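Engineer: Chain by chain, the residues run as shown.
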Amino acid sequence: MSTAAATAGERTGRAKPSTMAQALGRALRDSMAEDPTVHVLGEDVGTLGGVFRVTDGLAKEFGDERCTDTPLAEAGILGAAVGMAMYGLRPVVEMQFDAFAYPAFEQLVSHVAKMRNRTGGAMPLPITVRVPYGGGIGGVEHHSDSSEAYYMATPGLHVVMPATVDDAYGLLRESIASDDPVVFLEPKRLYWSKADWSPDAPAPVEPIGRAVVRRPGRSATLITYGPSLPVCLEAAEAATAEGWDLEVIDLRSLVPFDDETVAASVRRTGRAVVVHESSGFGGPGGEIAARVTERCFHHLEAPVLRVAGFDIPYPPPMQERHHLPGVDRVLDAVARLQWEAES
Amino acid sequence: MTVQELPGAAAYRPTPPPAWKPLTDPAPLLPDPEPFRVLGTDAAAEADPELLLRLYAELVRGRRYNAQATALTKQGRLAVYPSSTGQEACEIAAALVLEDRDWLFPSYRDTLAAVARGLDPVEALTLLRGDRHTGYDPREHRIAPLCTPLATQLPHAVGLAHAARLKGDDVVALAMVGDGGTSEGDFHEALNFAAVWRAPVVFLVQNNGFAISVPLAKQTAAPSLAHKAVGYGMPGRLVDGNDAAAVHQVLSEAVARARRGEGPTLVEAVTYRMDAHTNADDATRYRGDSEVETWRAHDPIRLLERELTGRGLLDEGGMRTVREEAERMAEGLREQMNADPVLDPMDLFSHVYEEQTGQLREQAARLQVELDAEHGPHDRDGAEEGR
Ligand SMILES: Cc1ncc(C[n+]2csc(CCOP(=O)(O)OP(=O)(O)O)c2C)c(N)n1
Chain A
1 MSTAAATAGE RTGRAKPSTM AQALGRALRD SMAEDPTVHV LGEDVGTLGG VFRVTDGLAK
61 EFGDERCTDT PLAEAGILGA AVGMAMYGLR PVVEMQFDAF AYPAFEQLVS HVAKMRNRTG
121 GAMPLPITVR VPYGGGIGGV EHHSDSSEAY YMATPGLHVV MPATVDDAYG LLRESIASDD
181 PVVFLEPKRL YWSKADWSPD APAPVEPIGR AVVRRPGRSA TLITYGPSLP VCLEAAEAAT
241 AEGWDLEVID LRSLVPFDDE TVAASVRRTG RAVVVHESSG FGGPGGEIAA RVTERCFHHL
301 EAPVLRVAGF DIPYPPPMQE RHHLPGVDRV LDAVARLQWE AES
Chain B
1 MTVQELPGAA AYRPTPPPAW KPLTDPAPLL PDPEPFRVLG TDAAAEADPE LLLRLYAELV
61 RGRRYNAQAT ALTKQGRLAV YPSSTGQEAC EIAAALVLED RDWLFPSYRD TLAAVARGLD
121 PVEALTLLRG DRHTGYDPRE HRIAPLCTPL ATQLPHAVGL AHAARLKGDD VVALAMVGDG
181 GTSEGDFHEA LNFAAVWRAP VVFLVQNNGF AISVPLAKQT AAPSLAHKAV GYGMPGRLVD
241 GNDAAAVHQV LSEAVARARR GEGPTLVEAV TYRMDAHTNA DDATRYRGDS EVETWRAHDP
301 IRLLERELTG RGLLDEGGMR TVREEAERMA EGLREQMNAD PVLDPMDLFS HVYEEQTGQL
361 REQAARLQVE LDAEHGPHDR DGAEEGR
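Line order of the protein sequences matches chains A and B. Just so you know, the UniProt record's numbering puts the end of the first sequence at 343, numbered straight through with nothing missing. Just so you know, the UniProt record's numbering puts the end of the second sequence at 387, numbered straight through with nothing missing.
The set of hints was computed from the structure by calculation and includes no laboratory data. Since we're looking at a predicted model, the values are computed, not measured. Glycine is no exception: its CB is placed at the ideal position from the N, C-alpha and C atoms. Hints are not guaranteed to be accurate.
Unchecked claim - Quick partial rundown of chain B residues pointing at chain A, CB under 10 Å, derived from the structure:
no., residue
1, Val80
2, Arg129
3, Leu146
4, Thr148
5, Asp179
6, Gly180
7, Gly185
8, Ile212
9, Val214
10, Ala280
11, Arg285
12, Gly288
13, Pro341
14, Arg366
As the list claims (entries may be wrong) - Cross-link-like lysine-lysine pairs, in silico, DSS-like; alpha carbons within 30 Å at most:
no., chain 1, residue 1, chain 2, residue 2
15, B, Lys167, A, Lys194
16, B, Lys21, A, Lys60
17, A, Lys114, A, Lys16
Chain A with its partners taken away, still in its complex shape (with noise of 0.2 Å):
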């Protein structure tokens, strides 16, 4: 992976507070500017700007040649981007919402996840599918899914997930450079998330596949990524009035996974939670877990939990606050680790 965002400049000047939105769409356009080849195309994304106004101002600096509002048919889309792909340029999807993405479900895992193997080395597919994703924004129906473990049971793509705004803007131009293809899942509820933040002056980022120590801690340590990051740094610090010293670890990728940050972490706290919104069952979790035992069996001092979604289609509006994993189920998994090192 290249690492242009780190490149892009020293920090100088003074950060303004942006939003992930705002980070995410500077990074389009950056990506734009610097590459002719680089092409957005989805539904609504022109004139508009996208729904979620990520895309805002695209069309009217680069043409609707280079921001192009598709018709409405994601398989099209998606498909169609494997084309140009084929022929040289560097598209980048949008997806107008996660359970949405699900008609290109076919596109994506025969075709983009595959050409590079299929073609022997002799065809990658650089293509970025970005995928607003997760609950908790109030969405009806179909409008909050977690979709990760479909796409991260599909060998060949990357699962990005930034959670702050600096990762937003770096992750994003490091998917786009990378001549893999990405799916990128911004975490809706984070859009509006704000943080002195200047596209002039962008910190440096840690290239895609590497997790990021957001909290350092002594005695357990919380694995998670995107929309469950603030989660999780909320409840670390709720923890330290139960004497609680949590490291709270952001993945920013589940593939490529890092092994090693995770592993060194755990070994030194002896102790882990993986916390994520999507289902529990056949979910994320349960491949951290299991690669979290693997390497640090003998350091552990109890059980890798989980702390997930139910195990359900995902609820109405007024029901979803039940189903996502808040402060409180966090801290309550935090004390079983205490109980199950007594026991």
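Chain B with the ligand: place on chain A using the hints.
Structural biologist: Showing chain B with the ligand alone in chain A's frame:
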């Protein structure tokens, strides 16, 4: 209800589809270049006055419903509302042409069609209020759940109509989709299946000019959406979607044709979405006021009013009566929607499978402990306020 309990399942023997006659002349399948109209033409004189008055009353009620629902979003009583103001003629005709035994397959914008078919106005809004995904039993009302992923309901309509025909039942399915939805693969697959199986289905495309911000010209290069029918081997009909009498007539003919076993029809109703895509959308970003004003002059309620008053079938008093009735409906809706729905969080686990898995029972128990901690175990009787 298990599969064995389904009505007639035990005695079920499939009936073969009607014999296939290869088509030699595709001309009858082609839509007329101009949308079919009744109001303001000579044909209007033959229109049944009773039907016109019924359509009028339903349209006025429908518009009031849209306004009320939109107002409820501002009070936080609905999560979101995709208004069908301007499109009432399509919504109402879709509901009125069907017999009780027929099925309606609405999209997320078609609350009004469901209500006009007799669904309780509050039940019809549960999806958009956010308390339930579908607040009614689709079998009871023969209305499929309002469908959010675009065009995915269309193959369902084909399958249901096909099944009914195999069972020897005289049932028609009417499926609704927007102009944007016609670009989805599911639309094309549904049309093809329907034509090959000669399924008793009517596809109603409400071409309201936009898919969120994307105008029709960026959606299709076809002369009309109705033209798409021909390639699949079914007739395409183009109708003025703001002319309630015309939509009713075209849909009635298509339904009758399906009932006779002559197969599916694709109807494109040309209409306009007067409001934004939903209350959360800003339509000024992608369309100008003058376009909206042009369509306002071609308003479906005004068209009917002009016809009815011109023929002396409606006067000021009659209009007032209709408006007052609509106002009472809106009042009732407002009142009922202002009450918090009673929700049981345990329902999250109730309908995932017929029988709860051990895993779900475990998770339900965990949630119960959390709820008890939140409310105290005694003041809970298994339900809580929705908001
Ligand atoms: C498969 C799928 N993709 C995207 C969306 C998001 N979306 C919701 S409504 C809409 C536009 C629909 O336009 P149209 O079919 O013309 O119906 P209208 O809104 O005009 O009634 C889009 C893109 C969706 N619901 N389903």
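Engineer: Checked against the structure, which of the hints given earlier come out wrong?
Structural biologist: Of the numbered hints, 12, 15, 16, 17 do not hold.
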